[in-house]
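Residue numbers (my numbering), protein chains in the order written: chain S, 56 to 673; chain Z, 12 to 500.
No lab work stands behind these hints, which were simulated from the structure alone. Since the structure is predicted, the reported quantities are computational estimates derived from the model, not experimental observations. For every residue, glycine included, the Cβ atom is placed at its ideal position computed from N, Cα and C. Since no wrong hints were added, every one of them can be taken at face value.
When the alpha-carbon atoms are kept at most 27 Å apart in a straight line, the in silico DSSO-like pairs for lysine-lysine are as follows:
#1 S:480 <-> S:250
#2 S:286 <-> Z:374
#3 S:279 <-> Z:380
#4 S:540 <-> S:480
#5 Z:380 <-> S:281
#6 S:91 <-> Z:387
#7 S:281 <-> Z:387
#8 Z:374 <-> S:281
#9 Z:387 <-> S:168
#10 Z:380 <-> S:91
#11 S:91 <-> Z:374
#12 S:289 <-> Z:380
#13 S:250 <-> S:123
#14 S:139 <-> Z:387
#15 Z:387 <-> S:279
#16 S:286 <-> Z:387
#17 S:286 <-> Z:380
If you want the footprint, here are the derived chain Z segments under chain S, 3+ residues with CB under 8 Å:
#18 192–198
#19 370–376
#20 396–409
#21 415–424
#22 452–458
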Amino acid sequence: MKEKDYKLERRKYVLGGAAVLIAVIYLIRLFFLQLKGGENYIAQADNNAFLHSVQFPARGSITDRNGKLLVYNQPAYDIMVVMKEQEGVDTMALCKCLGIDTAWYNRRMVEIKDPYRNPGYSRYTQQLFMSQLSAEEFSGFQERLFRFPGFYIQKRSIRQYSYPNAAHILGDVGEVNPADIEADSYYRSGDYIGKLGVERSYEKELRGEKGVEILLRDARGRIKGKYQGGKFDKAPVPGRNLTLSIDHELQALGERLMTGKLGSIVAIEPSTGEILCMVSSPTYDPRTMVGRQRGKRNKELSQDPMKPLLNRAITGTFPPGSTFKTTQALTFLQEGIITPGTAFPCSRGFHYGRLTVGCHGHGSPLPLVPAIGTSCNGYFCWGLYHMLGSRSKYGNTITAMNRWRDYMVSMGFGYPLGVDMPGEKRGMIPNGEYYDKHYKGSWNGLTVISIAIGQGEVTATPLQIANLASTIANRGYFITPHIVKQVQGVPLAKEYSEKHYTMVDQRHYETVVTGMRKAVLDGTCRSANTPMYEVCGKTGTAQNRGHDHSVFMGFAPREQPKIAVAVYVENGGWGATYGVPLGALIMEQYINGRLSEASQKKADEFAAKRISYGSSQR
Amino acid sequence: MAHRNDKQRGILARLDWFTIVVYIALLAMGWMSVCGASYDFDQQGNFFDFGTRSGMQVVWIGTSFVLATLILLVSERVYEVFAYVLYAAFMVLLLATPFLAHDIKGSMSWIKIGSFSIQPAEFAKFATALCLAKYACRYEYSMLRWRDAIISIAIVLLPMALIVLQKETGSALVYAAFFLVLYREGMYGSILFAGISAVIYFVVGIRFAEVPMWGILPTSLGEFVVLMLIIAFTLILTLTYTATHRDTMHMALIALAPIGGLLFARYIIPFNAAWIALGACGAIALYLIYLSLRERMWRYFILSLFTLGSLGFSYACSYVLDNVLQEHQQTRIRVLLGMEDDPRGAGYNVLQAQIAIGSGGLKGKGFLKGTQTKLKYVPEQDTDFIFCTVGEEEGFIGCSVVIGLFLILILRLIHLAERQSDTMARVYGYSVMSIFLFHVAINMGMVLGLTPVIGIPLPFFSYGGSSLWGFTILLFVFLRMDMERTVKA
Numbered sequence: 056m057k058e059k060d061y062k063l064e065r066r067k068y069v070l071g072g073a074a075v076l077i078a079v080i081y082l083i084r085l086f087f088l089q090l091k092g093g094e095n096y097i098a099q100a101d102n103n104a105f106l107h108s109v110q111f112p113a114r115g116s117i118t119d120r121n122g123k124l125l126v127y128n129q130p131a132y133d134i135m136v137v138m139k140e141q142e143g144v145d146t147m148a149l150c151k152c153l154g155i156d157t158a159w160y161n162r163r164m165v166e167i168k169d170p171y172r173n174p175g176y177s178r179y180t181q182q183l184f185m186s187q188l189s190a191e192e193f194s195g196f197q198e199r200l201f202r203f204p205g206f207y208i209q210k211r212s213i214r215q216y217s218y219p220n221a222a223h224i225l226g227d228v229g230e231v232n233p234a235d236i237e238a239d240s241y242y243r244s245g246d247y248i249g250k251l252g253v254e255r256s257y258e259k260e261l262r263g264e265k266g267v268e269i270l271l272r273d274a275r276g277r278i279k280g281k282y283q284g285g286k287f288d289k290a291p292v293p294g295r296n297l298t299l300s301i302d303h304e305l306q307a308l309g310e311r312l313m314t315g316k317l318g319s320i321v322a323i324e325p326s327t328g329e330i331l332c333m334v335s336s337p338t339y340d341p342r343t344m345v346g347r348q349r350g351k352r353n354k355e356l357s358q359d360p361m362k363p364l365l366n367r368a369i370t371g372t373f374p375p376g377s378t379f380k381t382t383q384a385l386t387f388l389q390e391g392i393i394t395p396g397t398a399f400p401c402s403r404g405f406h407y408g409r410l411t412v413g414c415h416g417h418g419s420p421l422p423l424v425p426a427i428g429t430s431c432n433g434y435f436c437w438g439l440y441h442m443l444g445s446r447s448k449y450g451n452t453i454t455a456m457n458r459w460r461d462y463m464v465s466m467g468f469g470y471p472l473g474v475d476m477p478g479e480k481r482g483m484i485p486n487g488e489y490y491d492k493h494y495k496g497s498w499n500g501l502t503v504i505s506i507a508i509g510q511g512e513v514t515a516t517p518l519q520i521a522n523l524a525s526t527i528a529n530r531g532y533f534i535t536p537h538i539v540k541q542v543q544g545v546p547l548a549k550e551y552s553e554k555h556y557t558m559v560d561q562r563h564y565e566t567v568v569t570g571m572r573k574a575v576l577d578g579t580c581r582s583a584n585t586p587m588y589e590v591c592g593k594t595g596t597a598q599n600r601g602h603d604h605s606v607f608m609g610f611a612p613r614e615q616p617k618i619a620v621a622v623y624v625e626n627g628g629w630g631a632t633y634g635v636p637l638g639a640l641i642m643e644q645y646i647n648g649r650l651s652e653a654s655q656k657k658a659d660e661f662a663a664k665r666i667s668y669g670s671s672q673r
Numbered sequence: 012m013a014h015r016n017d018k019q020r021g022i023l024a025r026l027d028w029f030t031i032v033v034y035i036a037l038l039a040m041g042w043m044s045v046c047g048a049s050y051d052f053d054q055q056g057n058f059f060d061f062g063t064r065s066g067m068q069v070v071w072i073g074t075s076f077v078l079a080t081l082i083l084l085v086s087e088r089v090y091e092v093f094a095y096v097l098y099a100a101f102m103v104l105l106l107a108t109p110f111l112a113h114d115i116k117g118s119m120s121w122i123k124i125g126s127f128s129i130q131p132a133e134f135a136k137f138a139t140a141l142c143l144a145k146y147a148c149r150y151e152y153s154m155l156r157w158r159d160a161i162i163s164i165a166i167v168l169l170p171m172a173l174i175v176l177q178k179e180t181g182s183a184l185v186y187a188a189f190f191l192v193l194y195r196e197g198m199y200g201s202i203l204f205a206g207i208s209a210v211i212y213f214v215v216g217i218r219f220a221e222v223p224m225w226g227i228l229p230t231s232l233g234e235f236v237v238l239m240l241i242i243a244f245t246l247i248l249t250l251t252y253t254a255t256h257r258d259t260m261h262m263a264l265i266a267l268a269p270i271g272g273l274l275f276a277r278y279i280i281p282f283n284a285a286w287i288a289l290g291a292c293g294a295i296a297l298y299l300i301y302l303s304l305r306e307r308m309w310r311y312f313i314l315s316l317f318t319l320g321s322l323g324f325s326y327a328c329s330y331v332l333d334n335v336l337q338e339h340q341q342t343r344i345r346v347l348l349g350m351e352d353d354p355r356g357a358g359y360n361v362l363q364a365q366i367a368i369g370s371g372g373l374k375g376k377g378f379l380k381g382t383q384t385k386l387k388y389v390p391e392q393d394t395d396f397i398f399c400t401v402g403e404e405e406g407f408i409g410c411s412v413v414i415g416l417f418l419i420l421i422l423r424l425i426h427l428a429e430r431q432s433d434t435m436a437r438v439y440g441y442s443v444m445s446i447f448l449f450h451v452a453i454n455m456g457m458v459l460g461l462t463p464v465i466g467i468p469l470p471f472f473s474y475g476g477s478s479l480w481g482f483t484i485l486l487f488v489f490l491r492m493d494m495e496r497t498v499k500a
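Same shape as in the complex, but just chain S (with noise of 0.2 Å):
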């Protein structure tokens, strides 16, 4: 036995602070991961192993006003791939059966496995491979899938439509772009949103609320179950069902009526401001817009010089002629500048100093009354001459120019009303100020005289047009037009069953229907008339740069009316070539429930009438 070294026993320090060194850097190294990188390292954990697998929701019906199904959802397929077990696939038969050629499924095979065009790639996952299709294609290809071994179906909804009508209102469904998740944190790439119509401004009723399935997969990307036996499950909430105010019958007939014609026709119950129609013409069959074809179909449409995506009923712009001269006629009889009796001349126009308004031929001088049902010019510009003439009641110009501005706006023109479809355009309604900038301070009733005949700077949508109607039935007052009736489960907004009341008294809005019905009975819209109710109208020739505008305005039946319309045809000619007739059978339609039989040869022959408007850009 050796004498103890004590000199290696020291040595043992080295050693065991070797050993606690090492502890002590351990414990810093897990310091580090788990306290202080503990949260990101969770977050990856949760990535790896929680799959969030997304329950879409059935999204809601639409319906017209009298329960016809309009809007609803079909089953499509989608294949699905599994790469690891698709390996051997008879690549040419799968083609022919699909209808696709083998470099579009070689290029499609690459952009699944590319990591950054598909994040969550893994060979083991079903894998999206061609989407949309429909129940044919699915049909023929299901047969043959025993074939094709790793290939599988899924079965995703998509909108269908029942009739080719409506296009406009009802909108469709595509997929999100990058604005719309920025602006709506619900939406992921790949989710479905309303772009046009109802299916854009009822998306949040619509669309429901997604669920959420948390299931666990693992580093093959297998599924293994679902997290906590389903307790953080979401179950999804289906959309809400939409009843629409349109009446499908009558909104198919304006859309026949408007075959080959530029134009809107836009129909109102004025006692609940719910749009009964509203056409817009070009239009397009919706059943096109939806499946794989809707991206080829949309550019289509875009690039179509007559542009059948616009919604003209609130998009487009429009003077409204004669049918504004309602609105003069209510304003000067409610500031005093007429009454009834007012009498004023008019020689085949208005002439002062070499200023000229033409007009047709009719009796002179007319009091008011007939001066509406005869359409005549001079009346109203002689009105308009003496309001922002009147320099004792208003000061200057600009001022009475704001007082007649602030008639009109209390009427709904020069602001979008707030119909509830997107897009809807303010039209144009002048101000002092806007004259001032313009003729830079040298102006007066004379040099703007063409706006009391609805010319001039001012426009109007034909929504704006009908809502006139509408207010003129109401005798003073409208309901903000609103296009959807009724959403499933909740009260539809306030909005829509406020009364606006314009600046003008009731017992004025009178005279101005006697003079309407006037213009029914021995006036411009005399084709109009028929013994079943009695039909209040307008007519309006709005000049134009081509040929003019035919439009037409009214409502039936006088006492309680049920519907206020108004017809806008581009390059029509005459408000009586077009409008009128037009106007008289969706009333017929509306009120009747149909057409009589003279009724519908009239329509089979203005559905056969085309206007030409050349290839120009419009």
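Since the structure of chain S is provided, determine the placement of chain Z on it from the hints.
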């Protein structure tokens, strides 16, 4: 009879219960981890089912207890008598293993006996420790004698070489732990120092080989820093082993040249300053040779050998990495040194291990709640990477407890080894301590991303009978020897 009872109680009292408590605590935590790591979310049945790994681990733990009891009943003199025979037998077995083994993931280290596979390399550590301990008992044994030192090192290197033949580099590297024992028994500290220096040159040199200094100079950051380290280590050694401070000062002046050159290159004319550093190294080596001739002292010559050896080694490293190591080994080294950042490539395992541990936070996700390990994101999660389960499910607190227990075990083993009056027991005790230290340090370091990914088990935690029995035998033979200490004293 009374006397016999008394003696028996005495024997039980001499058993180091402290170590046994730590051993049982580690086994308990280890078994929980195996349960966690092998558990599947959709698993039915319980943890004692022999069809599961947790059930089988119960079997291994039970048999380990039996084994431990048997060892405590057998006289420690057996080991002294049979040490060489056992060693020889194991060397033959190790030599034969590649021929008897069946291939498991490229490793030829497992021998099939009936339905079980055992890994002789796990038990060869025990035989090697005994052999080394027995050899150190020789009369006038000293590590300062060439013969003793060479034979001692040969005892360690032989099994190492045989295990490398089985393509088990990781298990072979464990034998490097015996150098700690040799250090305790008198090997020059400078040899250990040289070894550690080599590791540093290797890591720094390769990690920063392709990083230009300041991003602009044609100088490799790794190369320059390694050269400066060589100069610094040489100066430290010279100061420690010689008394000539003036000569050290001269060498320090030479070291200023590359620093000046570097500043010149940085601010005036860019050039590769590594050449000046290399020149300085050469100059210092020559100066040391001159001193050894002037003073007629070998020490200076050995110091110059250190400098030249370091130079040769560091330049050999990049050559070895590029031309000698196999593809997967190169990748592992690059990944370990943070040179490759590919989450789906070779760094994937290390990254997933860190995510598992990091996501545990302070308290962990709770027993059986770890998603990283359950869903197989962590590779080998019930064997080599089992510490991930501790980190994920038991958190920082659990990890600290495990590290604390291992540290206590190691310090206790040092204490027990030092209290032996018998050289054989002491050397054997240090061998046990060193093997545990190496396994724990490398295994945890690998999981924490601090050391290379070397596939060796974490004692008492990793699933498997061979390693658990191996560690149990190592530990309890030493505890049996420790029981005899008072009798001999």
